[in-house]
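**Q** Here's the letter readout for the chains.
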Amino acid sequence: MKIDFISKNALKRLKTREKIEMILRLVKNNTIIVLEGNLSLGEQIELVKETMRQIDPLSFIGIEIIDFTNAEKYGAAKNTASLTIIAPGGKVEIVKKTPNYLSMQVS
Amino acid sequence: MAWLLRLFGRKKRRLVLGIYGAPNVGKTTLANRIAKDCGVEPKGIVSEIPHETRIVEKVEELSLNVDGKVLQMTVLDMPGLATKINYRDFLNYGLSEEEAVKRAKEAIKGIIEAVKWLDNVNAAIAVIDSTKVPYDQVNIMLIGNLEAKGIPVIIAANKIDLSEARPHLIKEVFPNHEVIPISALTGQNMDKLYEALVKIA
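Just so you know, the sequences run in chain order A and B.
Per this note's numbering, residue 1 is the first one in the first sequence, and the count goes up by one each step.
Per this note's numbering, residue 108 is the first one in the second sequence, and the count goes up by one each step.
These aren't lab readings, by the way, just hints derived from the structure by calculation.
Be careful, since some hints might not be right.
What the hints assert, rightly or not - Ranges of calculated distance between the beta carbons of each label pair, as one might list FRET restraints:
| # | chain 1 | residue 1 | chain 2 | residue 2 | range |
| --- | --- | --- | --- | --- | --- |
| 1 | B | Q179 | A | N30 | 47 to 53 Å |
| 2 | A | Q54 | B | R195 | 15 to 21 Å |
| 3 | B | Q295 | A | F60 | 40 to 46 Å |
None of the values given here were measured: they were computed from a predicted structure.
We put the CB at the ideal spot given by N, CA and C, even for glycine.
Next comes chain A alone, as it looks inside the complex:
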């Protein structure tokens, strides 16, 4: 399993559609992506919609999205994450998550 880190600057240049295409291309290629912020909740729901369109029960079951964001920030006014982790579906499991600590099991 590969892990790719993508900076806020790299994401800034991309439109929502381009971000989603890139994310799904990488995840389908068995890559965990760590985004430095910049995936809004609106973009996340678009990502879910596009993921559903691309699911193939036999080869691609979907994704895991994990926001590592202080809980107090949740809401429309501040809808960006400090870190967004996107992984192939079923490949990561949250062991512990608090506003200041995230532990994941990768299988």
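Fit chain B to the given chain A structure using the hints.
**A** Relative to the frame of chain A, chain B by itself:
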């Protein structure tokens, strides 16, 4: 027009109420409970197999008297939102491979449909299973998107009839939202939920 309404008070609007949440959190049980409390025969099928509701189930023309105020609503029981669908999960419930793949495909369509409906509801209940850790990104995504669209949302911390329920954790994760601990199964605290719905109508 809006300032006139503000000046002279507003007639309660009919709610087009979306019941949203992850699979198996009790959305259909809640929709059935609301229908029953409104004197309508519940029709939603409740099952332990995830993604039992795979199309948007609409119950129209519901009316309920809440402390002298009439709450009118259409309730939409949404398919469970998820970021992944693994047909193999359904095999554990005794479904054949063919049935499981069919269910997965229908669940996928249901999720897309539920997301589309976010543009057509004027109020929502986000149902969260209070026996589980509430960090599921689906909840955060859902509530954030409803807020961003200006749709009032009430969080129902469901399943408080179970001993392992920890609704306070949901309040901790969503401190700026109205969280109402309920049991859709037993009807506990449904009066509080209806009072909250009257406020947003």
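**Q** Tell me, in ascending order, the numbers of any earlier hints that this structure violates.
**A** No hint contradicted; all consistent.
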